[in-house]
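Which chain is which? The protein sequence lines are A and B, in order.
Using my numbering, read the first sequence as starting at 4 and increasing by one per residue.
Using my numbering, read the second sequence as starting at 3 and increasing by one per residue.
The set of hints was computed from the structure by calculation and includes no laboratory data.
C-beta atoms are modelled at their ideal positions from N, C-alpha and C, and glycine is treated no differently.
There is no bait here: all hints are sound.
Per the computed footprint, the stretches of chain A lying under chain B, defined by three or more beta-carbons under 8 Å from a beta-carbon of chain B, are: (1) 101-110; (2) 179-185; (3) 193-199; (4) 220-226; (5) 252-263.
List time: in silico DSS-like cross-link candidates among lysine-lysine, alpha-carbon distance up to 27 Å: (6) A/K56 / A/K113; (7) A/K313 / A/K8; (8) A/K205 / B/K203; (9) A/K113 / B/K108; (10) A/K294 / A/K8; (11) A/K68 / A/K22; (12) A/K87 / A/K113; (13) A/K205 / B/K290; (14) A/K8 / A/K65; (15) B/K192 / B/K203; (16) B/K4 / B/K108; (17) A/K214 / B/K203.
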Amino acid sequence: MQPKKLELVCPAGSLPALKTAVDNGADCVYMGFRDDTNARNFTGLNFAFDNAKEGVRYAHAKGKKVLLALNTYPQDEGWQRWTKAIDNAAELGMDAVILADPGLMQYAAKTHPGLRLHLSVQGSATNYEAINFYHEMFGIQRAVVPRVLALAQVEQLMAGTEVEIELFGFGGLCVMVEGRCALSSYATGDSPNTRGVCSPPKAVRWQDTPKGLESRLNGILIDRYDAGENAGYPTLCKGRFDVQGETYYAIEEPASLNTLELLPELMRMGIAAIKIEGRQRSPAYVEQVTKVWRQAIDNCQRDTGAFAVKPSWMAELGKVSEGQQQTLGAYYRPWK
Amino acid sequence: MKLALGPVLYYWDRDTMLSFYDEMADAPVDIIYLGETVCSRRHLLRLQDYLDMAERLAAAGKEVVISTQTLIESEYDVKTLRKIADNENFRVEANDMGAVRLLANKLPFVAGSTLNVFNPQTLDLLAGLGAARWVMPVEMSRESLVSILRNRQSSIETEVFAYGRLPLAFSARCFTARHHNLQKDDCQFKCLDYEDGLALKTREGQPFLTLNGIQTQSALVHNLIGELDTLQDAGINVVRVSPQAHHTGEILRLFREGMEQRLTSAQALAQIEGLMPAASCNGYWHGKPGLDFIRNTPST
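Given only the sequences and the hints, what does the whole structure look like? Please build it.
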């Protein structure tokens with residue numbers, strides 16, 4: 004299959020971030036409304052209706068697309084908040100909505116048949132049978148695949164479906180299958196599925212102690228740092244814990260996913276889009292990451308065979324990586 | 003309410019599994035879920051072994067349900083899934099939407115807890131495809147459940163995970179292999195060494211999680227035996243107990259006696275405590291962090 008142009012999908016946590024992404028080469032930006040209808044439900048982040056309208060106007064004027072993430076699972080108590088968000092997306096002229104909940108997909112498909120649907124990574128679809136389920140039932144046209152498959156598995160999956168595949172290329176790395184992780188609600192009461200948050204800031208406490216700087220989540224010790232160690236945000240799967248007397252990153256090191264070196268392979272496979280994680284990050288992050296990925300994709304598209312990752316790109320991305328570390332994650336099978 | 007035994011989430015050797023299910027054939031349990039739901043590398047029992055076991059348990063009067071793997075990654079996984087979906091004798095618990103696609107509009111199926119049913123719209127949709135029962139997500143509260151049951155149209159049965167370490171997360175990475183500095187593809191089946199999983203504590207010794215291959219569980223044991231009255235009031239049809247290495251039969255007996263009101267909730271709770279591998283939690287049911295424990299004080 005001759006791939007269509009590989010789209011670069013960049014995060015927009017705010018209007019300035021959206022404009023930065025558009026100006027620096029994003030093909031699409033994705034955003035959320037300012038509530039628990041999306042999985043980055045953080046204070047000070049996201050879009051009110053009028054802001055979203057300006058964002059769509061700005062992006063469309065420059066020929067770029069806007070995707071709206073409505074990727075949490077509607078809780079029964081607030082169902083209308085989610086359906087209203089779908090209605091607003093249609094009214095705003097969003098190019099697609101990114102959904103995880105089948106009930107909500109059904110609503111969207113029935114009420115706004117012209118609205119393009121993408122399956123969110125929160126939908127946990129790791130195989131073509133699952134993707135085809137959403138395609139046949141609701142007509143989804145693209146699926147964002149969880150960051151758990153090796154590249155060969157992604158290729159197998161693509162052979163079984165006509166739905167476009169979008170992969171995460173860069174940014175914070177979930178180790179768990181998205182949509183199938185309740186660690187955060189176990190510790191704090193709130194999770195991506197129920198409240199659109201993971202390891203929420205309101206549960207975080209920092210304490211200077213004689214043993215070192217401690218980060219806690221609802222009182223649970225996630226990590227402790229010696230003087231001179233870089234302290235990271237206490238995402239609970241990225242802490243150091245004790246297993247049989249050994250203290251280490253038992254689940255995952257703080258590191259960012261970076262798949263730049265896989266670009267030729269991703270293009271050969273016919274991946275439709277690469278997603279950059281980080282709606283919670285600053286416009287400066289968006290600018291740096293978008294610039295590098297735009298250059299890399301353009302280089303690779305011009306001459307795939309000659310493509311080589313430039314050290315300057317890695318250096319730029321390294322600066323904005325979690326713990327200044329980068330990984331290929333599950334795309335590289337031995338990571339598992 | 004009926005009493006169900008969930009699938010064994012750990013990797014036990016073949017003889018242990020066979021004798022465990024011999025014991026369960028005589029245990030006071032109505033429904034038995036069978037099958038490997040965690041990791042496709044666990045192969046001491048094959049699908050055919052589970053189907054043979056299912057025959058024996060059905061002959062002993064149990065309703066048997068075959069549970070599918072939760073994370074379907076490879077073509078091999080899909081093939082196994084298809085074989086399970088094509089079996090004509092036993093009901094299937096779908097733990098992935100891929101399984102739902104293969105089961106839809108065939109025999110009635112059970113919609114597993116990882117399908118993330120959080121609202122009546124999704125519940126009715128699955129019921130329309132042939133789900134006869136659903137298992138609510140482990141992180142759902144009683145309040146949310148009651149709201150869903152009030153607003154649904156379908157008459158689907160509701161099951162709740164009521165006892166056991168909570169299956170909280172699934173990954174492509176194997177944390178048990180990682181602990182032993184092994185790659186997953188060469189894990190040497192280390193899960194066999196941890197009959198109730200591998201304990202993960204904080205650096206100050208608080209039991210926090212349990213590593214079980216690619217699955218991460220709670221360290222504490224989710225325990226709703228003190229809540230059987232609230233489960234009944236909420237309209238729940240089936241109460242699930244998740245197997246542990248020891249005392250599962252006794253735990254089922256206590257649940258049964260509690261459900262038949264031969265034990266008060268306080269008595270049942272007091273008796274079960276000595277049989278548990280860790281302390282109780284039940285926060286999710288009360289809309290709190292899952293690791294909290296709230297004692298049910300019956301209104302007088």
